[in-house]
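Start counting the sequence shown at 302; every next residue gets the next number (this note's numbering).
Calculated from the structure, these hints are not laboratory results.
Treat the hints with caution; some may be incorrect.
No more than 25 Å apart at the CA atoms, straight line, and that leaves these computed lysine to aspartate or glutamate pairs for DMTMM-like [what the hints assert, rightly or not]: (1) K375 to D351; (2) K311 to E436; (3) K400 to E356; (4) K401 to E411; (5) K358 to E398.
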Amino acid sequence: MAKAPENAEKLKQLQDELRSLIAQADQLRSQIDAINAVIEDLFAASEILDYIAKEGKGKTVLVPIGAGNFIKAKIEDTSSVVMAIGGRLSIETSIEEAKKAIESRISTLERIRLDLLRKLEEVNRRINEILPKVEELARTAQA
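Build out the structure end to end from the sequences listed, making use of the hints.
As structure tokens, this is what we get:
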């Protein structure tokens with residue numbers, strides 16, 4: 302008869318671990334989604350820089366000024382771009398240097414994303430190991 306309390310305790314421990322793993326998986330997915338969004342923005346920025354370098358001079362563009370508002374502006378100089386470097390700091394650099402910096406950031410983020418995907422895979426593997434045990438212990442507890 303001592304088996305029932307032991308099984309109940311084991312079931313509780315596995316359920317707690319399962320809840321923790323599911324929360325961890327959700328957090329990893331959120332981080333991966335955020336990184337994917339930044340990577341997409343960086344790719345878009347790189348494409349825009351390509352366009353500006355090749356065909357931008359003299360073109361009229363809409364420049365965001367905040368809160369969904371834009372003004373029209375004419376591109377006069379395509380030799381440089383002002384690039385954010387973090388901490389509200391920006392520098393003026395060539396379009397090629399800006400593209401290299403963007404490519405470097407994309408590469409770094411892709412490595413981080415791959416690491417997170419590996420961690421998510423490990424968590425999912427552990428979830429798939431625990432779930433059948435929880436289901437079995439729950440069935441035996443009901444019997």
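Hint check results:
no.: 1; hint: K375 to D351; in the structure: holds, 17 Å
no.: 2; hint: K311 to E436; in the structure: holds, 12 Å
no.: 3; hint: K400 to E356; in the structure: holds, 16 Å
no.: 4; hint: K401 to E411; in the structure: holds, 15 Å
no.: 5; hint: K358 to E398; in the structure: holds, 18 Å
Of the numbered hints stated above, none is contradicted by the structure.
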